[in-house]
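Chemist: So the chains spell out like this:
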Amino acid sequence: MIVAAFATEMGMREAAAEMRRGDCGFVETYMAMEPWEAEDGVEGGSVLPTVMLGGGIVGGVGGFLMQAYATTVSYPQNVGGRPDLSWPSYVPATFELAVLGAVVAGMAGFLLLAGMLRLYEPVDEADCMRGAMLGSYVLVVRPADSACARRVLARHAPIRIEEVAE
Amino acid sequence: MSAPAVIAAGETAQSVTERICAVTLREGARPWTPLWWWVAFAVSLGLLGMGVISVAWLFYAGLGIWGIDWPVAWGLDILNYVWWIAIASGGTFISALFFLLGVEWRTALNRLAESLTLCAALCAAIFPILHLGRPWFFYWLFPYPNTMGLWAQFRSPLVWDFFAILTYVLASILFWYFGLLPDLATLRDRAGRPGQRVFYGVLALGFRGSGRQWRHYRAVYAVMAALMAPLVVSVHSIVGMDFAGSAATGWHSTQFPPFFVFGAALSGFAVVLVVVLPLRALLGLQAYVTARHIDVLGRLFLTSSLCVAYAYLMDAFSTFYGSDPAERTMFVLRVFGLYAPVYWGTIVLNILLPQLLWWRAARMTAPLVWLIGLGVLVGMWLERFQIIVTSLARTQMLSAWGQYTPTIWEWSLLFGTIGLFLTTFLLIVRLMPVVAMAEMRAMLRGGVG
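Protein sequence lines correspond, in order, to chains A and B.
Heads up: the first sequence begins at 0 in numbering that gives the first Met the number 0, then just goes up one per residue.
Heads up: the second sequence begins at 0 in numbering that gives the first Met the number 0, then just goes up one per residue.
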């Protein structure tokens with residue numbers, strides 16, 4: 000794979016966009032802060048809010064059903080003449096469990112979908128990567144067409160180019 | 000007059016990274032941990048040790064070592080729980096609520112504020128467990144299939160509270176840690192010593208700042224913030240319902256949930272001010288925590304004090320507008336009786352002193368703001384004493400009136416949790432970045448000043 004460091008975010012983004020348009024290979028960018036906006040040619044959204052909604056629904060519905068089961072089937076109890084299925088009093092725990100489900104789903108989903116928990120990746124062998132979280136702008140391309148990638152990089156003048164074995 | 004900047008002139012993404020990493024990694028001319036930190040840590044450990052002894056003696060001798068009895072069966076244990084959980088709220092308000100509102104000044108404060116939330120929530124979580132009397136059975140509160148065929152009483156606010164605290168503590172830890180990931184990755188790549196690289200490398204969980212990671216990170220952080228804001232309101236509403244759900248004099252009030260949310264906001268902002276003001280000098284953060292932050296926190300502090308004043312006023316109004324003579328008698332005794340100094344201490348510290356913050360000159364005088372903040376922390380503790388102890392001591396039946404005096408074991412437990420709070424917070428300050436570097440870099444790119 001080819002790893003290139005740029006002096007500016009714009010330089011990196013333009014090179015990445017051109018490589019994607021030219022089908023030079025799989026391109027990924029690395030930087031120390033959230034990108035300014037979605038990159039050209041990259042899906043801007045994330046599926047994780049939907050995953051969190053799912054986690055919240057599982058937590059909330061599961062919590063409500065658990066309370067309903069406990070108070071109507073498993074252990075009915077007459078408290079001040081209230082009905083066994085006194086659902087308004089289930090709402091606070093249902094809300095809390097919905098929030099807990101959503102937050103845990105978000106964290107777990109992030110670890111899975113964002114490629115986390117890989118403490119080592121071949122790209123780490125590139126010296127440029129040491130600066131990615133310190134303020135450099137790093138572009139990594141796994142070229143399908145190596146000549147195309149090098150042509151684009153030459154046009155955008157990165158400050159450093161390295162080649163790393165996959 | 001134009002507002003001061005939220006960051007000092009001349010600061011760049013690079014300078015923020017270097018300054019904050021230097022504090023955490025002990026880089027530069029003074030690579031050792033500063034003396035003030037060791038002194039504070041030693042004092043904190045001393046207090047924590049006192050708390051450990053107090054808990055050990057409690058486990059051995061039982062609840063009889065405390066001053067609680069009939070009719071005051073809830074004493075400093077519940078008081079301290081309510082006090083700590085309210086203190087925890089400040090971080091969530093600043094970090095989550097003001098993130099959703101898109102305000103720039105939160106960026107420099109959110110890490111410190113979230114860390115305070117975490118430490119205070121841990122202290123709060125201890126008390127309900129110890130209060131159970133047989134704390135080793137606390138897991139009975141979990142709804143799980145068991146051979147006894149028993150379930151928790153889901154109609155009780157005390158069980159709602161268990162779910163609220165469980166969710167709040169876990170969600171606060173995850174929100175704090177999730178926000179830390181990019182900064183841990185920065186520390187990993189910046190660290191010079193192998194031990195530091197391994198420590199921060201493992202904690203960073205493989206975050207490298209790829210486009211894919213940032214895309215998902217931004218989405219999850221925003222949703223977490225959107226969930227944390229109503230969560231903190233729900234937690235304090237449920238704490239209010241712990242009291243309002245009972246028929247005790249002075250507690251059975253529909254205004255308790257918002258009353259407790261107002262109180263939580265006031266003590267939360269107070270603790271942030273009390274901690275941030277000295278830390279900005281000790282850690283050299285004046286470039287990031289500027290006069291603007293102090294001014295804004297002072298305004299929020301004043302606003303929440305006015306909300307609490309409104310709640311106190313409504314408490315008095317609803318008592319005398321209602322028709323229950325026991326409520327009126329209890330209120331009169333609260334104001335003029337045995338515990339009157341507690342009531343008037345609450346009014347002076349929570350309501351009257353913060354009114355000084357109407358003046359900008361007062362808001363800009365750090366020692367004065369610090370003292371007012373400290374006064375509010377004491378005042379909020381007195382408020383909980385007033386709510387819990389005065390109400391229980393003066394019940395509907397004259398023959399059941401009683402008195403409560405905390406024992407040394409209750410006091411030592413309170414100071415022990417202050418030790419736990421300070422110990423965990425000092426460790427966080429020493430080992431973790433105290434300012435959210437990635438967010439500061441993004442803010443600076445946007446040309447904020």
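These are computed hints drawn from the structure, not numbers from a lab.
Note that the Cβ used here is the ideal one computed from N, Cα and C, for glycine as well.
Mixed in with the good hints, there may be bad ones.
As the list claims (entries may be wrong) - Anything over 12 Å on all C-beta distances counts as not near chain A; from chain B, calculated:
hint, residue
1, Val15
2, Gly66
3, Leu180
4, Met436
5, Ala437
Unchecked claim - Footprint (simulated), chain A over chain B, 3 or more residues, beta carbon under 8 Å:
hint, stretch
6, 28 to 34
7, 367 to 373
Claimed, not checked - Some chain B residues judged to face chain A by a derived CB distance under 8 Å, without partners named:
hint, residue
8, Val38
9, Val42
10, Tyr138
11, Phe141
12, Leu149
13, Thr185
14, Arg192
15, Arg196
16, Gly200
17, Val201
18, Ala224
19, Arg440
Chemist: Now tell me if each hint is right for this structure.
Modeler: Taking the hints in turn, this is what the structure says about them:
1. Val15: 10 Å, violated
2. Gly66: 31 Å, holds
3. Leu180: Not fine: 8 Å to the nearest Cβ puts Leu180 of chain B too close to chain A.
4. Met436: 8 Å, violated
5. Ala437: Its Cβ does come within 12 Å of chain A, the nearest being 5 Å, so this is violated.
6. 28 to 34: Coverage by chain A is violated for the stretch 28 to 34 of chain B (0 residues, Cβ < 8 Å).
7. 367 to 373: Violated, because only 0 residues of the stretch 367 to 373 of chain B bring their Cβ atoms closer than 8 Å to Cβ atoms of chain A.
8. Val38: 33 Å, violated
9. Val42: 35 Å, violated
10. Tyr138: Interface hint status for Tyr138 of chain B: violated (16 Å vs cutoff 8 Å).
11. Phe141: 11 Å, violated
12. Leu149: 7 Å, holds
13. Thr185: 5 Å, holds
14. Arg192: 15 Å, violated
15. Arg196: Violated. Min distance 11 Å.
16. Gly200: Where the cut-off is 8 Å and the nearest Cβ of chain A is about 6 Å from Gly200 of chain B, the hint holds.
17. Val201: Constraint on Val201 of chain B satisfied, holds at 7 Å.
18. Ala224: With Cβ-Cβ at 11 Å, over 8 Å, it is violated.
19. Arg440: 4 Å, holds
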